[in-house]
Every structure is written in C-alpha cells, then in structure tokens.
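Construct the complete structure from the given sequences, taking the supplied hints into account.
Per this note's numbering, residue 1 is the first one in the first sequence, and the count goes up by one each step.
It is possible that part of the hints are untrue.
[Said to hold, decoys possible] Below, simulated BS3-like cross-link-like pairs (lysine-lysine); rule was C-alpha separation at most 30 Å, straight line:
1. K328 to K348
2. K188 to K249
3. K249 to K224
4. K348 to K283
5. K76 to K36
6. K36 to K10
7. K282 to K224
8. K180 to K348
9. K10 to K97
10. K441 to K183
11. K227 to K283
12. K234 to K89
13. K67 to K36
14. K89 to K101
15. K97 to K67
16. K227 to K188
17. K472 to K441
18. K249 to K234
19. K180 to K453
20. K328 to K249
21. K282 to K240
22. K224 to K97
23. K188 to K224
[Said to hold, decoys possible] Okay, the calculated beta carbon distance ranges per label pair:
24. K183 to F319: 39 to 45 Å
25. L476 to S7: 32 to 38 Å
26. T158 to S356: 24 to 30 Å
27. N365 to E100: 24 to 30 Å
28. R425 to N70: 48 to 54 Å
29. G16 to N212: 53 to 59 Å
30. N70 to I238: 45 to 51 Å
31. L476 to P398: 15 to 21 Å
32. T158 to G431: 54 to 60 Å
33. N365 to P96: 24 to 30 Å
34. F319 to K227: 32 to 38 Å
35. T158 to S264: 35 to 41 Å
36. N350 to G16: 25 to 31 Å
Keep in mind that the hints were calculated from the coordinates and are not lab data. Ideal placement from N, C-alpha and C gives every residue a C-beta, glycine not left out.
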Amino acid sequence: MSAQKPSIPKGTRDFGPAVVARRNYIFGIIRRTFEKFGYAPLETPTLENLSVLTGKYGDEGDQLLFKVLNSGDFLKDVTADDLQNEDGKATRRVLPKVAEKGLRYDLTVPFARYVVMNRGTLTFPFKRYQIQPVWRADRPQRGRYREFYQCDADVVGTDSLLCEAEIVLMMCEVLNGLNKEAKSENQKLDYTITINHRGVLGGMYDALGESNGTETNLFTAIDKLDKIGIDGVKQELIDKGFTSTEAEKVFKLLYMPATAIPSSDQNQNARQEFLYRIQNLKKSLVVDISPSNILAETSERATRGLQELGQVVDFLTAFGFEQFDRLKFDPTLARGLSYYTGCIFEIKINNVNMGSVSGGGRYDNLTGAFGLPGVSGVGFSFGVDRLYDCLEELELFPEGAAATTRCLITNFDAETMPLLLPVLRELRAAGIPSEMYPESKKLAQQFKYADAKGIPYVLIQGPEERAAGQFKLKELRTGEEKTLTLDQVLATLA
RNA sequence: GUAGAUAUAGCUCAGCUGGUUAGAGCGUCGGAUUGUGAUUCCGAAGGUCGUGGGUUCGAGCCCCAUUAUUUACCCCA
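Written out as structure tokens, the structure reads:
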C-alpha cells in the first residue's frame, strides 16, 4: 500500500506561524477598534440548524451552504419515492431528511438567531462584535476562499443613524491603523468607503413607473456599472425586460455633474461634494417621476434615503470627522444580500486588485424571520483574508510580527544543560520569551535554528564563561557579542 | 453551473522542431571552521516529467481521456 499524498479541501488553507502572527496583527487592530466603540464579543457555534440558515441568503446562497450529513444511519428516513427524480426534485426532497445541520454562512444570521433566543436577557440597543470563520461552497479564486474569517460589528434595537456614522468612523480607524506601518505614501492602503441607501435605489425603480423589469434586476445591473460600463449595463437591463427608454432614464438619474466650489480645505470640499450629490439626485428624482402621470408621487423611500444619508454626514461633521475625502456617495452601489433596507456600505482598496474588503448595511427586519418583527439592526464586516492579501501585496506588515522567542539558550552537553535551566526560568520570570535548545548538537546547528526562527538573541555559557560566572550574549542581527553577568543579560533583554 | 490556463526535484521554474544519461536557482544535508547563524567556498542527496491510453524506430514535448490546481464569469468578504 503506497502512502497517500496529503491534501486539504480546496479553498481552505493552513496558516503557518508567521502567517498566524500577521493575521493576529490585523485581528488585534479590528478588535481594539470594536471594543473602543463599545461593542461586546460574541461567539456562536460553527454548526447551525439548516432551518436557521436556509432562505436567508436567496436561492444562490442556499446553494452555497455547506450541509452536514446526519450522524448514524442518515438514510433511515429516505423512501424510494423520495429518490424518484422524474420531476428533478429528488435532491430537494432528500436533503432535509439526511442533513439537518450546516456550517455558518455568515455571522449576521447567527447573530439574529441569538438575539431572538436571548431577547429576554439582552439590554437594547445591543452592540456585539464577532470574529469567527464562515464557510461558503463557492468556487475559489483570487481573494475568495471556502473558509474565511469575518469580523462583524452590529447593533440591534435602534434606528439611530448615529450607528451608521460610527460604522464609517470604525472603518476609517481600522484602515488608518493598518496604514500605520507604511514607510511611504504609495505603500498605504488607498481606500474608499462607498455609501448608498436602498431607498435611493428603490426610488430610481419607482421613477421608472410601471416596468416589466424587477427591482432586483435593476439593482444588480447598475451595481456592475464600474465593471461592464454604461453599454454593458444597458444591455443587461434590456435583457432583463426593461425598455431602452427606461434604461436611458436610469442613466439620467445616475448622471451627477461634479460640484465646483473649490476651497483650500480638501475635507470640506469632499463633504460639500457629498451633500451636493444628494441634493442633485433629489431634484432629478422629483422632476423625472412620471411627468405625464397626474397621480405621480415623489418616491417616499427615495426621500427618506437621501435624508438619512444627509443625516449621517451631519453626525460625522458634528463628531469632527476629517476624512470625507475617503467617503463617497455612489447611487450605483447595490450589494447582494437582500435583507438590507437602509444605508449600505462597502470598502474598496484602490491600489490593489481585490474585491471589497468590508461591507455592511442596515436591515430593518432581520429578526423577523425568527419571529421577532420590528427590530432594526445595522452592521458591517471586515474580510480579514482579503485585508491580509492587500497588506501583503503592499508589504504593510510590521517587521518582527512573526518572532515569538526572544532568546535561545545553547545546549552544550547533557551534563551541563540542566545547570542552565534555572537561567531559563529567570528569563521567563522576567517576561522574556525564551527557550533552551533541547539537544546537544553542534553550535552551528543551534545558531541556524535561532536564525531560521527569527530569534534575535542567543545566550551561551560554555566552560569558559561558567568559570568566570558570566554569559556570552550574541545579537544575531548585528553579530555583536557581549560577555555579561546574568543581571546584565536580563537588563539587555527586558 | 459556463469558459480559459497550468501540471517537470521539498519550493519557484527552464527544457529549442519529437532525438544520447532530465536542468537551474532557492531550500535540505555534509565539509572548509571539534565554541558561532546569516555572508563565502567545496561537495552530496533529491525525479515513475499529475494519472491512464494512443501516435512514433523514439514522447517531458504531439493526440485523446481523466484528475488536481488556478484565473475569469455568475455571486460574494
């Protein structure tokens, strides 16, 4: 029997020590930001009941769920009739009988489930963050994995747009934090936070009047504007049942001339531009709504959406937010998840070819699916795996993030090694991560070990040093060697 | 689900029009240096060329199939 070649499922990865250290660096910045804004940690099970997961992400989402086969005789409830596939629905019939659990697909739905199950004990508004892996049975490709981490922060139980404003603040704080290590300006993550409102999108649909195309088709088509261009979107709209007149109308609404009130304050300019665009769109929507129809109404949801976007900007201004140049209003932003109802967010890194590294939005009725209607929530999520790929491409990781051990004690021979164990204890007691090389191999080998592991210092006490009651401490980076007493060693390494 | 690309040493990849014994760099191991890494010099090990068929006097190279990986589309973090 030949040994099998080991492998891991596609779309999954091992994380070696150096990678884990750098991932923890990212997690740390995100976690500290969430906590600074008053979010409390939550963890939920890897497995959820399929009844919790299915139907929350649309038909495509259900397809991407990893289902877990029941334990034991998982075929015991399946009948011969179930397996008849003349109608092509055998899979649908059999699935609930053989699998009742699945891997979580995101962190928001488990959170909603948790909120409903614990509504009696929670204090609202409830702010929680959650950093855990999720699984999607997707086709892996650049920046897309089947197992990846999400870092969610959500608030439920308040409609206040302060939450939306704070999401922008947290997004900036995390990305600014990640840019701290940048050695030059063009090494930084050049990020843009895009914001839109589902009401604005809905208002555009309303502005078309009676149409054969569906609202969802309109949203997903214009979301692709930056990818496939005006003609591409137009074609897709027509394919999906819109008339070319309607398509033209959509582009008329999206067309927003740039404002021109230049001043020396870039932050002020960006803020003005944002507000100007909102005003502009508001006018367009009103003017263009079915002028021939006497019963035409100004779309209520559009008005509400634009008003809320303005409110978010006002809160940010009052807070003293100074990065309006990072915040763009983009009426074409749609985002896939169907449960969003209010503001929606997305972060793109402009100088790295990567999908969005963060996204989120408000959902007015997420807990409704679990029997608790009328609770509003808003939240967002960072994709750590994508952020990692971006930082790596820009070489933005701090040096030494990978090293754990600070000092290696060399091992001369089996007899004297135990005599140095008290020294090892003292190093550790002083809070210096240290290790003794476990075998009495030749020194070259032990030095190579320290070098390969990125250990900065090697401590030596051979017969000569012992006779003098001293130690030799070598700093590998410089090659410098010093003969020191133990106290001096501790002082150097501390 | 749709379309393309790739598969050769532990890793990254060369390999010409199909022609003798399969190549490099890095890494690993040994030595130069029996108390010193990285750097320098010398040496060694390491291959069923993804797998299975076919064409040919002859296949790493051409053809077919298959598997794996990967990129783009759809969708998404």
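Hints, one by one, checked against the model:
Pair hint K328 plus K348 holds up; C-alpha atoms about 11 Å apart against a cutoff of 30 Å. Between the alpha carbons of K188 and K249 the distance comes to roughly 39 Å, so the proposed pair goes past 30 Å and is violated. Proposed proximity of K249 and K224 is supported: the alpha carbons are some 17 Å apart, at most 30 Å. With a CA separation close to 29 Å, the supplied pair K348 and K283 stays within the 30 Å bound.
Restraint check: the Cα-Cα separation between K76 and K36 comes to about 52 Å, which exceeds 30 Å; the hinted pair is violated. For the hint pairing K36 with K10, the CA-to-CA distance comes to about 37 Å; that exceeds 30 Å, so the pair is violated. Between K282 and K224 the CA atoms are separated by roughly 22 Å; this keeps the pair inside 30 Å, and the hint holds. Proximity of K180 to K348 is assessed by CA-CA distance (about 18 Å); at most 30 Å being required, the pair is judged to hold.
A hinted pair counts as satisfied when its Cα atoms are at most 30 Å apart, and K10 with K97 qualifies at roughly 27 Å. Pair hint K441 plus K183 does not hold up; C-alpha atoms about 41 Å apart against a cutoff of 30 Å. Proximity of K227 to K283 is assessed by CA-CA distance (about 27 Å); at most 30 Å being required, the pair is judged to hold. Among the hinted pairs, K234 with K89 is inconsistent with the structure: their alpha-carbon atoms are about 35 Å apart, more than 30 Å.
Distance hint between K67 and K36 is unfulfilled; the C-alpha atoms sit about 37 Å from each other, more than 30 Å. A hinted pair counts as satisfied when its Cα atoms are at most 30 Å apart, and K89 with K101 qualifies at roughly 20 Å. Annotation: proposed proximity of K97 to K67 holds, straight-line Cα distance about 12 Å (limit 30 Å). Our distance criterion of 30 Å between C-alpha atoms is met by K227 and K188, whose separation comes to about 24 Å.
Proximity of K472 to K441 is assessed by CA-CA distance (about 18 Å); at most 30 Å being required, the pair is judged to hold. The straight-line distance between the Cα atoms of K249 and K234 is roughly 11 Å, inside the 30 Å bound, and the hint therefore holds. Restraint check for K180 and K453: satisfied, since their Cα atoms lie roughly 26 Å apart, inside the 30 Å limit. About 23 Å separates the Cα atoms of K328 and K249, which keeps this hinted pair within 30 Å; it holds.
For the proposed pair K282 and K240, the alpha carbon gap of about 26 Å is at most 30 Å, so the pair holds. Straight-line distance between C-alpha atoms of K224 and K97 comes to about 39 Å, which puts the hinted pair past the 30 Å bound. Our distance criterion of 30 Å between C-alpha atoms is met by K188 and K224, whose separation comes to about 26 Å. For the hinted restraint 39 to 45 Å between K183 and F319, the CB-CB distance of approximately 30 Å leaves it violated.
Against the hinted window of 32 to 38 Å, the Cβ-Cβ separation of L476 and S7 comes to about 36 Å, which satisfies the hint. The hint said 24 to 30 Å for the Cβ distance between T158 and S356, and at roughly 26 Å that hint holds. Between N365 and E100 the beta carbons are some 26 Å apart, a value that agrees with the proposed interval 24 to 30 Å. For the hinted restraint 48 to 54 Å between R425 and N70, the CB-CB distance of approximately 52 Å keeps it satisfied.
At roughly 54 Å, the beta-carbon separation of G16 and N212 lies within the given 53 to 59 Å, and the hint holds. Range check, N70 to I238: Cβ separation about 47 Å, and the 45 to 51 Å hint holds. Range check, L476 to P398: Cβ separation about 19 Å, and the 15 to 21 Å hint holds. Restraint check, T158 to G431: a C-beta distance of roughly 43 Å breaks the suggested window 54 to 60 Å.
Separation of N365 from P96 is about 25 Å and conforms to the stated range, judged on CB atoms against 24 to 30 Å. Our hint of 32 to 38 Å for F319 and K227 holds, since their Cβ atoms are close to 34 Å apart. Range check, T158 to S264: Cβ separation about 38 Å, and the 35 to 41 Å hint holds. At about 30 Å, the beta-carbon gap between N350 and G16 stays in the expected band of 25 to 31 Å.
Hint compliance for this structure: hints 2, 5, 6, 10, 12, 13, 22, 24 and 32 are not met, and every other hint is.
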